[in-house]
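Enquirer: For reference, the chains in residue letters:
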Amino acid sequence: MTLIKFIEIMAILVGAFSGFIEARRKRMDLVGVFTVAFITAFGGGTLRDILLDRRPLFWVIHQEYAILIFVLALVASPLIRTLRQIVSERLIVIADAIGLGLFSIAGVAAALDAQMPIFIASMMGVITGIFGGVLRDIVCNEVPMVFRDGKPYAICAFLGSWMFLLMRMSELPHDFALWSSATFIVVLRLVSWKFDMRLGR
Amino acid sequence: MTLIKFIEIMAILVGAFSGFIEARRKRMDLVGVFTVAFITAFGGGTLRDILLDRRPLFWVIHQEYAILIFVLALVASPLIRTLRQIVSERLIVIADAIGLGLFSIAGVAAALDAQMPIFIASMMGVITGIFGGVLRDIVCNEVPMVFRDGKPYAICAFLGSWMFLLMRMSELPHDFALWSSATFIVVLRLVSWKFDMRLGR
Amino acid sequence: MTLIKFIEIMAILVGAFSGFIEARRKRMDLVGVFTVAFITAFGGGTLRDILLDRRPLFWVIHQEYAILIFVLALVASPLIRTLRQIVSERLIVIADAIGLGLFSIAGVAAALDAQMPIFIASMMGVITGIFGGVLRDIVCNEVPMVFRDGKPYAICAFLGSWMFLLMRMSELPHDFALWSSATFIVVLRLVSWKFDMRLGR
Chain R
1 MTLIKFIEIM AILVGAFSGF IEARRKRMDL VGVFTVAFIT AFGGGTLRDI LLDRRPLFWV
61 IHQEYAILIF VLALVASPLI RTLRQIVSER LIVIADAIGL GLFSIAGVAA ALDAQMPIFI
121 ASMMGVITGI FGGVLRDIVC NEVPMVFRDG KPYAICAFLG SWMFLLMRMS ELPHDFALWS
181 SATFIVVLRL VSWKFDMRLG R
Chain D
1 MTLIKFIEIM AILVGAFSGF IEARRKRMDL VGVFTVAFIT AFGGGTLRDI LLDRRPLFWV
61 IHQEYAILIF VLALVASPLI RTLRQIVSER LIVIADAIGL GLFSIAGVAA ALDAQMPIFI
121 ASMMGVITGI FGGVLRDIVC NEVPMVFRDG KPYAICAFLG SWMFLLMRMS ELPHDFALWS
181 SATFIVVLRL VSWKFDMRLG R
Chain P
1 MTLIKFIEIM AILVGAFSGF IEARRKRMDL VGVFTVAFIT AFGGGTLRDI LLDRRPLFWV
61 IHQEYAILIF VLALVASPLI RTLRQIVSER LIVIADAIGL GLFSIAGVAA ALDAQMPIFI
121 ASMMGVITGI FGGVLRDIVC NEVPMVFRDG KPYAICAFLG SWMFLLMRMS ELPHDFALWS
181 SATFIVVLRL VSWKFDMRLG R
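Residue numbers (our numbering), protein chains in the order written: chain R, 1 to 201; chain D, 1 to 201; chain P, 1 to 201.
Careful, some of the hints might be misleading.
Below, a list of computed lysine-lysine pairs in the DSSO-like style, where the Cα atoms sit at most 27 Å apart [to be verified]:
hint, chain 1, residue 1, chain 2, residue 2
1, D, K151, R, K26
2, P, K194, P, K151
3, P, K151, D, K26
4, R, K26, P, K26
5, D, K151, D, K26
6, P, K26, R, K151
7, R, K151, R, K26
8, R, K151, R, K194
9, P, K26, D, K26
10, D, K194, D, K151
11, P, K151, P, K26
12, R, K26, D, K26
The set of hints was computed from the structure by calculation and includes no laboratory data.
Please construct the entire structure, taking both the sequences and the accompanying hints into account.
Expert: Here it is in structure tokens:
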């Protein structure tokens, strides 16, 4: 298994895990747990692909990811309390930051492929990075967390997306631009979390 | 009128009726009643078609169904309390089970037509069967009922969808597979309702 | 700048402004304020284009509008309380009515272009006119206002859409039909507001 594949799976698992937790907090049953986990993991990329009219969707080509979340929902659902004790908050935040970085830059790159103008491409990056969580909160009947906690989450995705766009406009190599701006998002997110930074309102 | 046409209209009417009731419970006005009824009746199939990129949508080709719900919203809106007394709960559950069976199997068949892999096809069946109600609950600002009441509703759609898929893979005739698995969903749903079965959480 | 361009920008700004206010009322941060403003301004047209499978989306071609809302969210967010005092309710209602008229008729026209049947075209007009506000309320975790306040808002869009359709079927000139039915919606909305009309429930 390549590194990128490993990171991709980890990012999806973290999305699903955050969906599991939220669904259980709302006392959902197995169907709800699977659906919310699935929406959290794939919602951002799916919305981006619908807006850009790209098909087939990522999870349609890779049905193994859908099956993975299905099996996890079956297995992990009763174990979620134990899991939350084993898995430290620090680990979740780190994995989630990696997911944010990867999904966002993948979103910008897909938008550029689809000939989107530059500001729209940066928005597609942020949408891919954060709308999984937004849709999770809407289904769970909450005001989306990312819109109200004042923490720089979407902002990290936005800045990293622009870093990628500027590097591509400077004709730096695609892979270098991709990895360095994804890393930038991860680091920025972790630093802002470490120091508990807040945006003003 | 053929039998399938009759059943189709009945399934749509039941979806619309459940939307009427929920909208009135939320004290919505005529616009809300029509919209929620429409979303409940057609939301699942519409979401499936957007995910599969199928156009035109079902209710776009058959505008007579949209007009039917519009007329019903105008006429039935003031009568809804009376209607709920006339129509027994048993009748609603039976009609709703028929709708679940038909919509789900129609969803799997559409996904197979669109060359979806098999697990994704089963998911499309469930989405077609249950997302009308999910979208209804989201618009009505509720946590979707089907995700939290622990009753085997989506599960019936899921099992029936797999029955259809396995029958198709065994190269049984299309119509026989379609009718027997739709019937299976209806019977399973009614039996689980009769004995008030619950999933564990 | 042509008159139509000016009115278009004003309609979008009013949508965004109503998103700003709702997002601030929910104590959202900068990310939420921008997103909700954007969804309110462009949500109706975006949903219509997804249902009709039209691409690229309006705001993708005109990224200047997205940038405008972005800058406004940065600048206006701290000033929103002051702005609400300066801008009278009367002005907001008038601008909003203009937006409703323009968006709705643009929606019907787009649906006719896409060969939609006539009742569906009228629905697309209403969806374009009101679903920005509906999606805003869903993201803000409210039952959509337009479905429950009993005021003739969607109804104005619906009647004006039919006026446009009937004028087009009578082969009246396109531009005349467009402007007169948009004006009809604006006037109807303002009159119903002036006299505080309500639909019965």
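Enquirer: It remains to establish, for every hint, whether it holds in the given structure.
Expert: Comparing the hints with the structure gives:
no.: 1; hint: D:K151 / R:K26; result: holds (16 Å)
no.: 2; hint: P:K194 / P:K151; result: holds (11 Å)
no.: 3; hint: P:K151 / D:K26; result: holds (16 Å)
no.: 4; hint: R:K26 / P:K26; result: holds (21 Å)
no.: 5; hint: D:K151 / D:K26; result: holds (23 Å)
no.: 6; hint: P:K26 / R:K151; result: holds (16 Å)
no.: 7; hint: R:K151 / R:K26; result: holds (23 Å)
no.: 8; hint: R:K151 / R:K194; result: holds (11 Å)
no.: 9; hint: P:K26 / D:K26; result: holds (21 Å)
no.: 10; hint: D:K194 / D:K151; result: holds (11 Å)
no.: 11; hint: P:K151 / P:K26; result: holds (23 Å)
no.: 12; hint: R:K26 / D:K26; result: holds (21 Å)
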